[in-house]
Amino acid sequence: MSRRFPILSALIALIGAAFFIVPLIATFNFSLRMKRGELSFEAYRSVFDSDVFLGVLGFSATASLMAILMGVLIVVPTAYWVRLRVPRARPVIEFLSLMPLIIPPVVLVFGYVRLYGSSSILPLTMTEAGTNVLLVIGYVVLSVPYMYRAVDNGMAAIDIATLTEAAESLGASRLRTIVFVIFPNIRSAIMSGAFLTFSISLGEFVITSLLNRPAFGPYLVQMGQDFAYQPAALAIMAFAFTWICMVLMEAFATRKPGQRLLPWRAPRSVTKAKS
Amino acid sequence: MSFLTLKNITKSFGPNTVVRDFDLNVAPGEFVSFLGPSGCGKTTVLRMIAGFETPSSGSIHVGGTDVTALPASRRKIGMVFQAYALFPNMSVRDNVAFGLKIAGMPRAEIDTRVAEMLDLISLGSLADRYPYQMSGGQQQRVALARALAPRPNLLLLDEPLSALDAQIRTSLRDDIRRIQQELGITTVFVTHDQEEALSISDRVVVMHKGRADQIGTPAQIYNRPTTRFVADFVGKLNTFEARVESPQSIFFAGQNIHDPRHTDLTPGAPITVALRPEALSLRPRPGDDLSLPGRVLHSTFLGSVIRAQIEVAGQQVSVDMFNRADATLPVAGDMAEVWFTRGDVLVLPSVM
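So the protein lines, in turn, are chains A and B. Under my numbering, the first sequence has 95 at position 95, and the numbering climbs by one with no breaks. Under my numbering, the second sequence has 206 at position 206, and the numbering climbs by one with no breaks.
Hints are supplied without guarantee of correctness; some may be wrong.
[Claimed, not checked] Part of the chain B face toward chain A, derived, beta carbon under 10 Å:
# : residue
1 : F13
2 : S73
3 : V80
4 : Q82
5 : F87
6 : F98
7 : I102
8 : A149
[To be verified] Per label pair, the in silico range of CB-to-CB distance:
#  : chain 1 : residue 1 : chain 2 : residue 2 : range
9  : A       : A161      : B       : S59       : 58 to 66 Å
10 : B       : P71       : A       : L122      : 32 to 40 Å
11 : B       : D232      : A       : N153      : 39 to 47 Å
[Claimed, not checked] Covered stretches of chain A (chain B as the covering partner; in silico rule of three or more C-beta atoms under 8 Å from a C-beta of chain B):
#  : stretch
12 : 164-172
13 : 176-185
To be clear, the hints were calculated from the coordinates, so they are not data collected in a lab. Yeah, the Cβ is synthetic: ideal placement off N, Cα and C, and Gly gets one too.
Just need the whole structure built from these sequences, with the hints factored in.
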């Protein structure tokens, strides 16, 4: 007895997919029509030709990487310490880590400008380097909800307390335990957090624009105001980039120790032993 | 001569005192087990020896040095956990080498030592495997090798066999004992399984409500329990309410039994006597000089053992007999005599 094809469900799925895919296809199609009467990658070429584009992309990428580094250094020891020493405070810390989603970035950046402005004892906004530092800190704050969740989940997957005790009984100090035992075992979780941070920071507009930094987000908006075809090309590239981040995240997250990153290249044939 | 000395250890978590007045001396090379039900404090004592917990009062000495305030990482102990706790990111070889690398041993020496340790647990062929590619028994062997590699002063085993299935549990138990004797390392083993504790140890500490109820050799613990709890917890027991008739005899199950071993008891005092099921038999054996009349309730064939439930003086008594080819299963409802010897009668303190 064969089941009937679920027409209704398929229809709903198709409509749902169309909702996301049709605008994407339309945008892609539009981005190819810069030259009248033919399809070409002219818009993409003109984007890459621009020195400004490469400049802002480089700036944003650097700022994002700094934000990842800073976020990891803050979040990993915190999550570790909370799980090990004050597990009862975990719900509180988790709630605190969600605050950046509740407080709008515009409030955050106005707070920064007031706190670190010209009349402050720490006038960070008065120098370029200082403003860059503020920018990175802002990115870190925005990405904390994702980074904390990713790292905390990674720690939940391994028995942090027992592994720490095992390392200690073998003579390892707390620092060595974190570096040699905890870090490698939550590496995939950190990578997920890092990719999320990267994709959030790279296109961030509000903080970047109000701190007046020459970054990718404001550039995207500016292009949208000034040109027709290039913004479509940029949007498609941004989408592709995010998608690549997701694929990389998946690749890192599902990798087991001892496996190559690319499983189709020289796989090691190891099977689970019979006891 | 005592290698590991615990003096007057007490440990409280807030208002809960989980270990009280715990004293223990362990000789060099001795294998001591902590046996008790869950929540008796046995793991807490082990964790204090390891340095993962600090005693609320009392002191711990290892090899004559006071280690009470020393962090775990500087105590030179080897620890094996119930959940294996191998480092998932490292191969077997790297797991075993971890303690040696931390100690700063030169690379060539590490390689030699790791090979030596893998030989000891006969897993040399799996050196490049990762923990997730191995069975529980293999992982626990690696954990043992990892703990022993840096030549620790003490080996601490926290229910290392509890997560394994029965067959592997027995073979790994024998391996642990063999390796321990080969290396002559002082070992503390925590378990809730009496068979494990009795079979593997030089001495057993039976723990109950945070105290050491009885410390003795496995035979002493089993044959001469000194408290009611030890008698109940270790092995099966048939107990009878009894009375001291005279300094020379006790009365139970409707009989006066002349027992010269317990002359210090006050006449008239209520006591409890106990008989192990395997000390009883339904047919007289050479040396059996006492018997109680009863009626068979039912019997079970367990392969090597025939277990019969007999009603004696209004209460149920278990009798375990070795199976023999000519043995017949006792028939329910039949009358029977339960035989034993004077020396099998355990006299327990009534209140404990």
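Evaluation of the provided hints:
1. Below 10 Å, beta-carbon pairs count as interface contacts, and B/F13 has none with chain A, the closest being about 13 Å; its hint is therefore violated.
2. The interface hint given for B/S73 is met, as the beta carbon of that residue sits about 5 Å from the closest beta carbon of chain A, less than 10 Å.
3. Evaluation of the B/V80 hint against chain A yields a held restraint, the C-beta minimum of about 9 Å falling below 10 Å.
4. With its C-beta approaching chain A no nearer than about 9 Å, B/Q82 sits inside the 10 Å limit, and its interface hint holds.
5. The restraint placing B/F87 at the interface with chain A holds, with a minimum CB-CB distance near 5 Å, inside the 10 Å limit.
6. Against a cut-off of 10 Å between C-beta atoms, the interface hint on B/F98 holds, since the closest Cβ of chain A lies about 6 Å away.
7. Proximity of B/I102 to chain A holds as hinted, the smallest CB-CB distance being about 5 Å (cut-off 10 Å).
8. Below 10 Å, beta-carbon pairs count as interface contacts, and B/A149 has one with chain A at about 8 Å; its hint therefore holds.
9. Restraint check, A/A161 to B/S59: a C-beta distance of roughly 26 Å breaks the suggested window 58 to 66 Å.
10. A beta carbon spacing of about 38 Å between B/P71 and A/L122 agrees with the range 32 to 40 Å that was offered as a hint.
11. For the hinted restraint 39 to 47 Å between B/D232 and A/N153, the CB-CB distance of approximately 45 Å keeps it satisfied.
12. Only residues whose C-beta sits within less than 8 Å of a C-beta in chain B count toward coverage, and the stretch 164-172 of chain A has 8 of them, enough to reach three; the restraint holds.
13. Note: the stretch 176-185 of chain A has 5 residues with beta-carbon separation from chain B under 8 Å; the three-residue rule is met and the coverage holds.
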